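Keeping their order, the protein sequence lines are chains A and B.
For what it's worth, our numbering labels the leading residue of the first sequence as 3, then goes sequentially.
For what it's worth, our numbering labels the leading residue of the second sequence as 3, then goes sequentially.
Do not take every clue at face value.
No copy labels: a pair is met if it fits in one copy or bridges any two.
Unchecked claim - Only pairs whose alpha carbons sit at most 27 Å apart, straight line, appear in this in silico DSS-like list of lysine-lysine:
1) Lys-13 x Lys-116
2) Lys-52 x Lys-144
3) Lys-52 x Lys-148
4) Lys-13 x Lys-39
5) Lys-145 x Lys-175
6) Lys-116 x Lys-52
FYI, nobody ran anything at the bench for these hints, they're computed from the structure.
No experiment lies behind these values; they were computed from the predicted model shown.
Protein chains: 2
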Amino acid sequence: MKRHIDEELDKLNTDLLKMATLTEQAIHRSVEALKNKDTELALAVIEGDKQIDRLELIIDEMAIDLLALYQPMAIDLRFITTAMKINAEIERIADLSVNISQRVLEIADRPLLKPIAEIITLSAIARKMVRDSIDAFVNRDKKLAKEVILTDPSANQLRTSIQRELIYEYMVKDGNTAPQGVPMLLVVRHLERMCDHATNIAEDVIYMVQAKFVKHTAFPRGDSTG
Amino acid sequence: MKRHIDEELDKLNTDLLKMATLTEQAIHRSVEALKNKDTELALAVIEGDKQIDRLELIIDEMAIDLLALYQPMAIDLRFITTAMKINAEIERIADLSVNISQRVLEIADRPLLKPIAEIITLSAIARKMVRDSIDAFVNRDKKLAKEVILTDPSANQLRTSIQRELIYEYMVKDGNTAPQGVPMLLVVRHLERMCDHATNIAEDVIYMVQAKFVKHTAFPRGDSTG
Numbered sequence: 003m004k005r006h007i008d009e010e011l012d013k014l015n016t017d018l019l020k021m022a023t024l025t026e027q028a029i030h031r032s033v034e035a036l037k038n039k040d041t042e043l044a045l046a047v048i049e050g051d052k053q054i055d056r057l058e059l060i061i062d063e064m065a066i067d068l069l070a071l072y073q074p075m076a077i078d079l080r081f082i083t084t085a086m087k088i089n090a091e092i093e094r095i096a097d098l099s100v101n102i103s104q105r106v107l108e109i110a111d112r113p114l115l116k117p118i119a120e121i122i123t124l125s126a127i128a129r130k131m132v133r134d135s136i137d138a139f140v141n142r143d144k145k146l147a148k149e150v151i152l153t154d155p156s157a158n159q160l161r162t163s164i165q166r167e168l169i170y171e172y173m174v175k176d177g178n179t180a181p182q183g184v185p186m187l188l189v190v191r192h193l194e195r196m197c198d199h200a201t202n203i204a205e206d207v208i209y210m211v212q213a214k215f216v217k218h219t220a221f222p223r224g225d226s227t228g
Numbered sequence: 003m004k005r006h007i008d009e010e011l012d013k014l015n016t017d018l019l020k021m022a023t024l025t026e027q028a029i030h031r032s033v034e035a036l037k038n039k040d041t042e043l044a045l046a047v048i049e050g051d052k053q054i055d056r057l058e059l060i061i062d063e064m065a066i067d068l069l070a071l072y073q074p075m076a077i078d079l080r081f082i083t084t085a086m087k088i089n090a091e092i093e094r095i096a097d098l099s100v101n102i103s104q105r106v107l108e109i110a111d112r113p114l115l116k117p118i119a120e121i122i123t124l125s126a127i128a129r130k131m132v133r134d135s136i137d138a139f140v141n142r143d144k145k146l147a148k149e150v151i152l153t154d155p156s157a158n159q160l161r162t163s164i165q166r167e168l169i170y171e172y173m174v175k176d177g178n179t180a181p182q183g184v185p186m187l188l189v190v191r192h193l194e195r196m197c198d199h200a201t202n203i204a205e206d207v208i209y210m211v212q213a214k215f216v217k218h219t220a221f222p223r224g225d226s227t228g
């Protein structure tokens with residue numbers, strides 16, 4: 003027999019998925035806005051973030067209500083506390099799309115530098131990591147979560163190489179490229195942080211599934227090359 | 003009569019304070035390392051972060067155990083879920099000290115640019131905001147939490163002005179300053195993100211105290227000027 007709490011947990015899942023879909027769209031649209039220097043689209047991403055913020059609050063309240071009403075044990079408790087964490091991570095990923103859109107507004111009147119091509123590659127990796135990490139949560143898929151974690155170092159490498167190129171091939175050789183070089187470099191870091199949040203989600207999923215910490219232990223990550 | 007859960011909640015408080023103290027030290031030391039280009043101190047901050055990471059895990063486990071064992075209601079439930087959030091925020095602030103230390107390693111063999119003075123001012127604001135936000139949590143001090151939130155815009159302004167100076171007064175005028183100008187600019191953003199996390203903590207405190215959301219509503223914030 004299906005318990006009443008299961009229906010509520012399904013609703014929590016559904017709302018998290020809705021938030022994840024909106025966030026993925028925000029990533030995609032912010033990078034499109036950058037590629038085409040489309041300030042209207044950038045403004046739409048910034049405006050659209052309000053909806054994601056509202057969803058975060060709704061999900062958070064729903065989770066706390068579930069804790070209060072059902073006083074769940076073991077796996078349900080772990081699922082709800084993990085959902086609360088993932089909720090916060092997704093909201094931050096959405097904020098990073100807003101940050102990318104803000105960079106678009108800053109550089110709209112300047113020519114993009116060539117590494118925009120690699121930035122778009124990095125954005126595709128970031129989107130896939132975000133998508134996969136959330137799918138891993140919804141399907142309790144430990145294997146997929148591990149794949150996300152293993153993708154992070156290559157995203158880091160790409161980030162580092164784009165940064166070097168922007169600094170040494172552009173800004174050092176011609177200081178006049180700095181006003182667009184710096185925002186592009188910041189976009190690279192916004193994308194890299196999306197990857198870090200996806201990694202956090204994947205770690206939370208693995209922990210939830212095996213109730214054993216991988217965070218800060220099994221997989222080294224971070225920004226030491228940057 | 004003191005309930006058994008109160009002792010456990012006190013312990014949660016104590017551990018959060020311990021983590022906050024270590025994090026404040028990490029901020030201070032990372033900025034000292036930058037000021038003096040002290041790579042040994044920078045490496046010590048990076049190494050010391052492991053202890054903060056371990057504390058985060060311990061606090062998180064303690065909170066989930068409290069939820070499972072006592073099935074707390076109302077104010078206790080709200081306190082525990084808020085502690086979990088603040089725990090995550092503090093851990094991220096500590097990570098940002100690691101990021102600053104990584105920047106120190108990158109620029110250790112180059113001369114610092116003059117805006118280092120304003121960066122140190124910004125770091126003092128960031129530390130105060132972090133300290134105050136955690137004090138506000140421990141003492142359930144809504145007034146102090148509001149002060150933290152009201153400080154954020156001035157931190158944002160300072161951040162923007164340092165960034166402009168680094169780009170237009172240094173990198174544009176002499177591209178050869180970019181290899182240290184970019185890491186210094188990133189330090190400014192790391193500090194600004196600390197302020198954002200302190201603001202998140204302050205918002206969580208206000209919400210906990212009045213059980214009403216201020217997040218994403220009452221106080222505009224973010225990075226739109228950056």
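Outcome of the hint check:
For the homomeric pair Lys-13 and Lys-116, neither the shortest alpha-carbon distance inside one copy (45 Å) nor that between copies (54 Å) is at most 27 Å. When the C-alpha separation of Lys-52 and Lys-144 is checked against a cutoff of 27 Å, the pair qualifies only between copies, where the shortest distance is 25 Å, while the shortest distance within a copy is 32 Å. Taking identical chains as interchangeable, the C-alpha atoms of Lys-52 and Lys-148 lie at most 27 Å apart only when they sit on different chains, with a minimum of 22 Å there against 31 Å within one chain. Taking CA atoms no more than 27 Å apart as the test, Lys-13 paired with Lys-39 passes in neither setting, with 38 Å inside one copy and 52 Å between copies.
In this homomeric assembly, Lys-145 and Lys-175 never come within 27 Å of each other (Cα to Cα): the closest approach is 45 Å inside a single copy and 51 Å across copies. In this homomeric assembly, Lys-116 and Lys-52 never come within 27 Å of each other (Cα to Cα): the closest approach is 33 Å inside a single copy and 39 Å across copies.
Of the numbered hints given earlier, the model fails hints 1, 4, 5 and 6; all others are met.
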